[in-house]
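For the record, the sequence lines run as chains A and B.
In terms of the numbering used here, the first sequence is residues 1 to 172.
In terms of the numbering used here, the second sequence is residues 1 to 586.
FYI, nobody ran anything at the bench for these hints, they're computed from the structure.
Careful: at least some of the hints might be erroneous.
What the hints assert, rightly or not - Label-pair distances were calculated between CB atoms; the ranges are: (1) B:Pro571 - A:Ile146: 44 to 54 Å; (2) A:Arg25 - B:Asp137: 20 to 30 Å; (3) A:Arg156 - B:Asp358: 38 to 48 Å; (4) A:Thr97 - B:Arg210: 54 to 64 Å.
Claimed, not checked - Mimicking DMTMM-like on lysine to aspartate or glutamate, the simulated pairs with C-alpha atoms at most 25 Å apart in a straight line are: (5) A:Lys90 - A:Asp127; (6) A:Lys66 - B:Glu375; (7) B:Lys336 - A:Glu74; (8) B:Lys231 - B:Glu273; (9) A:Lys66 - B:Asp330; (10) B:Lys314 - A:Asp72; (11) B:Lys514 - B:Glu375; (12) A:Lys130 - A:Asp114; (13) B:Lys314 - A:Asp54; (14) B:Lys336 - A:Asp11; (15) B:Lys336 - A:Glu39; (16) A:Lys66 - A:Asp11; (17) B:Lys336 - A:Glu2; (18) A:Lys66 - B:Glu273; (19) A:Lys66 - B:Glu163; (20) A:Lys66 - B:Glu216; (21) A:Lys66 - B:Glu584; (22) B:Lys336 - A:Asp54; (23) B:Lys336 - A:Glu100; (24) A:Lys66 - B:Asp309; (25) B:Lys514 - B:Glu584; (26) B:Lys574 - B:Glu375.
Idealized CB from N, CA, C, for every residue including glycine.
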Amino acid sequence: MERTLSALVNDRPGVLARIAGLFSRRGYNIASITVGVAEHPGFSRMTIVSAGDDATASQMVAQLLKLVDVIDVEDITREPVVRRELALIKVQTDKVTRPEISHILEPFRVSIVDVGHTSITVEVTGDTQKVDALLALLEPYGVLQIARTGVTALLRAAARESQPGVRIAEGL
Amino acid sequence: MQSQAQIAVESVLEIPPETSSRAVGASLAVNTGADLLCSLLLQAGVEVIFGYPGGAVLPIYDALFHAPLRHILTRHEQGAIHAAQGYARVTGRPGIVLATSGPGATNLVTGLADAFMDSTPLVVITGQVVRHLIGSDAFQEADIVGITMPITKHNYQIRDIAELPQVVADAFYLACSGRPGPVLIDMPKDVSAGPAVPAHLPLPGPRGYRLPSVPEPLAIARIRAVIAAAKRPLLYIGGGIISAGATELLREFARRCRIPVTTTLMGLGVYPEDDELFVGMLGMHGKYAANHAITDCDVLIALGVRFDDRVTGKLERFSPHSVKIHVDVDGAEINKNVPVHYPLVADVRDVLAALNADPPQPDTEQWRARIAGFEAEWPLQFKAEAEFLKPQAVIELLAQATGGTAVVTTDVGQHQMWAALFYPYSRPRQWVTSGGLGTMGFGFPAAMGAQVALPDATVICVTGDGSLQMNIQELQTVVENGLPVKVAIINNGFLGMVRQWQQFFHGKRYAQSKIGSPDFVRVAEAFGALGLRATTPSEAAAVIEQALAHPGPVFMDFVVREEENVFPMVPAGKGNDEMTLEWEEV
Ligand SMILES: Cc1ncc(C[n+]2csc(CCOP(=O)(O)OP(=O)(O)O)c2C)c(N)n1
């Protein structure tokens with residue numbers, strides 16, 4: 001099954017290489033990986049989407065924790081989380097199709113971020129299913145290019161008030 | 001004056017106080033990054049470095065010229081790192097290696113992988129090209145940090161000299177604490193040549209690195225209850241007991257609970273061979289009784305082991321009836337290969353100390369009788385011959401002549417298994433072999449490093465004619481440094497273990513396993529060592545006597561039966577109880 005891992009790591013050169021290398025040499029696939037600075041300087045938060053049964057997932061967590069630069073990891077697959085992905089989609093358009101496409105886009109609450117003579121670029125944010133659904137609808141018009149960020153995720157507030165998940169501990 | 005930092009690092013490294021005061025007292029002038037490195041190494045208690053110079057480490061060698069650090073110049077960087085491993089394995093203190101950039105660094109790769117597999121503490125320093133050339137494919141540039149990421153516990157590249165004190169402190173701490181392992185520090189040449197100011201070795205504190213906490217009393221109580229109710233408990237112990245310094249606690253536990261003990265290849269020496277509770281080594285070439293005991297036990301107490309495939313055999317048949325308890329300091333080893341019922345991520349020392357406070361008392365009398373029955377069914381054996389020398393006989397003669405007290409290192413192959421099976425080990429750190437990686441070429445330099453650490457010990461390297469030729473150049477290092485290493489060559493004219501597999505599983509097609517050798521006696525003499533040869537048991541006894549009496553290094557060329565096989569053998573893909581005990585050609 002699909003797995004989402006949330007990791008807090010040191011923001012140091014090579015950290016991404018260490019994690020990507022670990023996944024490839026242990027035979028875990030990476031569907032997507034997103035990295036960005038965390039709430040304190042010197043730390044990054046990573047969201048890794050992979051696949052595996054429970055045993056594989058707990059090995060992934062244990063192996064990640066073994067990396068010195070990994071502060072904490074959590075498998076948030078079964079937790080209530082906010083999951084978001086951003087995609088930029090460039091679709092072919094002409095006079096006839098442009099209004100049709102606008103119509104399709106409406107319920108998705110996307111922004112059109114670039115308009116050309118023969119194409120438009122839309123920006124969509126949402127969970128993976130939403131992005132996939134929009135793509136499927138746009139496909140018949142000719143999708144010229146796609147750039148997706150991959151999933152990033154955080155535990156919801158209601159998830160565990162007492163245990164807010166992977167956080168930068170006091171005094172780190 | 002001792003700083004808090006020194007006290008902290010010392011407690012991990014067990015630096016003798018005189019060493020650290022010598023280091024602190026040594027008023028090493030610090031002008032360059034290289035001087036600072038030497039000063040920090042001294043403060044960390046380093047006495048010996050195994051290394052080989054080159055362009056990118058010239059500034060460090062320049063600093064070493066004056067520093068009170070002993071440097072052993074090997075004849076190959078691989079020799080240096082295996083020597084450092086030998087040093088670390090017999091002392092428990094980190095082995096230190098220094099090599100230049102590019103080829104010097106890549107020559108360390110096998111040793112790093114070996115140390116990583118066998119959890120050996122090393123601090124390895126490599127030179128790197130100057131910072132502004134990094135990434136330009138400069139002369140002798142290799143991305144050693146990238147290359148060694150998967151085979152080090154952690155690695156660093158120093159981009160700013162200000163980072164060095166903390167990195168050195170963290171490197172020693174990482175190498176030695178928890179599950180030990182190799183740590184590499186890559187030093188660009190302009191950093192070591194550039195300016196630096198003196199610094200105290202700070203407190204270690206690698207951010208993100210955590211050691212397991214003391215186990216909960218409840219976890220201990222559960223384990224105790226399971227053991228107390230066992231009818232056929234078995235202790236399955238390995239190198240983790242040695243790293244944790246838990247040998248005495250383990251012995252006490254086994255004796256007070258009357259639980260039989262089997263060890264992995266890496267755990268030999270933890271439990272004395274002559275003790276009645278000792279069942280012997282298990283696994284692919286384990287003892288008959290040990291492999292049956294692990295198959296039949298009802299509670300398996302796995303301490304400081306990692307359920308390696310050479311130990312478990314076919315997983316479906318591995319200890320199928322047992323409730324499994326697994327204690328290891330490395331959380332990633334839990335449930336990795338074999339699912340266990342009672343996992344505990346902890347320092348095995350803490351767990352044993354807690355259990356010993358109130359040891360469970362299972363009734364093991366019948367079980368021990370049953371194991372004795374296994375032992376009687378097929379005790380370890382070989383067919384000795386009066387005229388011809390058998391490899392097993394050589395090991396037995398070595399054991400007799402040394403009273404079983406020598407430090408034994410090995411290479412990889414049949415001789416390694418015979419050395420594991422036929423020499424009676426009685427203390428931890430007495431046995432130094434390449435277990436996880438199975439590196440031919442390990443044994444001789446490892447013996448050299450062991451002898452550097454223990455100048456007065458009898459250090460024997462049991463090797464094969466194939467393996468010895470992989471790092472035979474280190475004989476020059478051994479001779480130059482007056483290291484009285486005794487090398488016992490089990491010379492069977494073959495890459496014996498390869499030949500054994502070809503005989504059993506490839507229709508006796510000996511493709512590329514017949515191997516030629518130089519005249520080892522004359523090789524020894526050419527290097528200035530003593531060379532001796534034996535072809536019969538009586539000659540062998542005489543040669544061993546002469547070698548042990550000789551004050552310097554010796555090559556003993558034991559010309560043995562060529563096509564002898566190691567038994568028992570669990571063929572790949574079979575269960576531990578499906579051992580082959582002799583081979584009949586079909
Ligand atoms: C560096 C390396 N290369 C290849 C092997 C594969 N290998 C395992 S045992 C062995 C034969 C070893 O021959 P020798 O040293 O003569 O020992 P013997 O088995 O004859 O006792 C070989 C080639 C290895 N373990 N290490």
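Verification of the hints:
1. B:Pro571 - A:Ile146: 44 to 54 Å: 52 Å, holds
2. A:Arg25 - B:Asp137: 20 to 30 Å: Since Arg25 of chain A and Asp137 of chain B have Cβ atoms about 25 Å apart, the given range 20 to 30 Å holds.
3. A:Arg156 - B:Asp358: 38 to 48 Å: With Cβ atoms ~45 Å apart, the hint holds.
4. A:Thr97 - B:Arg210: 54 to 64 Å: Because 57 Å falls inside the window, the suggested range holds.
5. A:Lys90 - A:Asp127: Distance ~19 Å between Lys90 of chain A and Asp127 of chain A Cα, so the pair holds.
6. A:Lys66 - B:Glu375: The given pair, whose Cα atoms are some 40 Å apart, is violated under the 25 Å limit.
7. B:Lys336 - A:Glu74: 18 Å, holds
8. B:Lys231 - B:Glu273: 24 Å, holds
9. A:Lys66 - B:Asp330: 8 Å, holds
10. B:Lys314 - A:Asp72: With a Cα-Cα distance of about 34 Å, the restraint between Lys314 of chain B and Asp72 of chain A is violated, given a limit of 25 Å.
11. B:Lys514 - B:Glu375: 35 Å, violated
12. A:Lys130 - A:Asp114: The given pair, whose Cα atoms are some 21 Å apart, holds under the 25 Å limit.
13. B:Lys314 - A:Asp54: 23 Å, holds
14. B:Lys336 - A:Asp11: This hinted pair is violated, its Cα atoms lying about 29 Å apart.
15. B:Lys336 - A:Glu39: Distance of about 33 Å is beyond 25 Å: violated.
16. A:Lys66 - A:Asp11: 17 Å, holds
17. B:Lys336 - A:Glu2: This hinted pair holds, its Cα atoms lying about 20 Å apart.
18. A:Lys66 - B:Glu273: Given pair Lys66 of chain A, Glu273 of chain B is violated - Cα atoms ~35 Å apart, limit 25 Å.
19. A:Lys66 - B:Glu163: Answer holds: Lys66 of chain A to Glu163 of chain B is near 23 Å, not above 25 Å.
20. A:Lys66 - B:Glu216: 22 Å, holds
21. A:Lys66 - B:Glu584: 47 Å, violated
22. B:Lys336 - A:Asp54: 12 Å, holds
23. B:Lys336 - A:Glu100: 54 Å, violated
24. A:Lys66 - B:Asp309: 21 Å, holds
25. B:Lys514 - B:Glu584: This hinted pair holds, its Cα atoms lying about 21 Å apart.
26. B:Lys574 - B:Glu375: 21 Å, holds
In summary, the structure is inconsistent with hints 6, 10, 11, 14, 15, 18, 21, 23 from the numbered list given earlier, while agreeing with the others.
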